[in-house]
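Could you put the whole structure together from the sequences, leaning on the hints where they help?
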Amino acid sequence: MALRENGMVLSRERVAQAWCQPKTSHITMIPELAEEFAIILNEVWSQPWLGNATNEELIEELKTRFYMGSNAPDYKTTNDNG
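Residues 1 to 82 (the working numbering) are what the sequence shown spells out, left to right.
Bear in mind the hints are in silico, worked out from the structure with no lab data behind them.
Careful: at least some of the hints might be erroneous.
Pairs of lysine to any residue, SDA-like flavour, derived with a Cα cap of 25 Å [claimed, not checked]:
#1 K63 <-> K23
#2 K23 <-> L10
#3 K23 <-> L33
#4 K23 <-> A34
#5 K63 <-> S46
#6 K23 <-> E36
#7 K63 <-> W45
#8 K23 <-> R12
#9 K23 <-> E35
#10 K63 <-> N6
#11 K23 <-> L41
#12 K23 <-> I40
#13 K23 <-> V9
#14 K23 <-> I39
#15 K23 <-> F37
#16 K23 <-> E13
Cβ-Cβ distance ranges computed for the label pairs, FRET-style [what the hints assert, rightly or not]:
#17 E57 <-> I30: 31 to 39 Å
#18 L10 <-> E32: 17 to 25 Å
#19 K23 <-> Y67: 46 to 54 Å
#20 F66 <-> M29: 41 to 49 Å
#21 P22 <-> E61: 36 to 44 Å
#22 M68 <-> L10: 29 to 37 Å
#23 N55 <-> T24: 30 to 38 Å
Computed from a predicted structure; not experimentally measured.
Glycine is no exception: its CB is placed at the ideal position from the N, C-alpha and C atoms.
In structure tokens form, the structure reads like this:
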């Protein structure tokens with residue numbers, strides 16, 4: 001599964017926040033475990049069917065749909081998993 005490097009930064013930041021919560025702040029962070037959680041989180045966030053496209057990806061999608069016009073009314077970028 002493809003990971004977004006820019007997504008890894010956000011994923012790492014969000015995972016680190018788990019150790020800053022009142023219920024978990026007493027637990028020492030295990031960096032290797034935190035990194036694995038960040039990878040998993042980024043994999044989920046990188047799924048196109050979740051609607052987490054970057055601005056550039058959204059623009060490319062809109063351009064594709066515009067140029068295809070009515071020639072492909074059933075066109076989808078990805079399978080609908082929802």
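Here is how each hint holds up against the structure:
no.	hint	in the structure
1	K63 <-> K23	violated (47 Å)
2	K23 <-> L10	holds (22 Å)
3	K23 <-> L33	holds (18 Å)
4	K23 <-> A34	holds (17 Å)
5	K63 <-> S46	holds (21 Å)
6	K23 <-> E36	holds (21 Å)
7	K63 <-> W45	holds (23 Å)
8	K23 <-> R12	holds (19 Å)
9	K23 <-> E35	holds (20 Å)
10	K63 <-> N6	holds (23 Å)
11	K23 <-> L41	holds (21 Å)
12	K23 <-> I40	holds (22 Å)
13	K23 <-> V9	holds (24 Å)
14	K23 <-> I39	holds (23 Å)
15	K23 <-> F37	holds (18 Å)
16	K23 <-> E13	holds (18 Å)
17	E57 <-> I30: 31 to 39 Å	holds (33 Å)
18	L10 <-> E32: 17 to 25 Å	holds (19 Å)
19	K23 <-> Y67: 46 to 54 Å	holds (51 Å)
20	F66 <-> M29: 41 to 49 Å	holds (46 Å)
21	P22 <-> E61: 36 to 44 Å	holds (41 Å)
22	M68 <-> L10: 29 to 37 Å	holds (32 Å)
23	N55 <-> T24: 30 to 38 Å	holds (33 Å)
The earlier numbered hint that this structure contradicts is number 1, and it is the only one.
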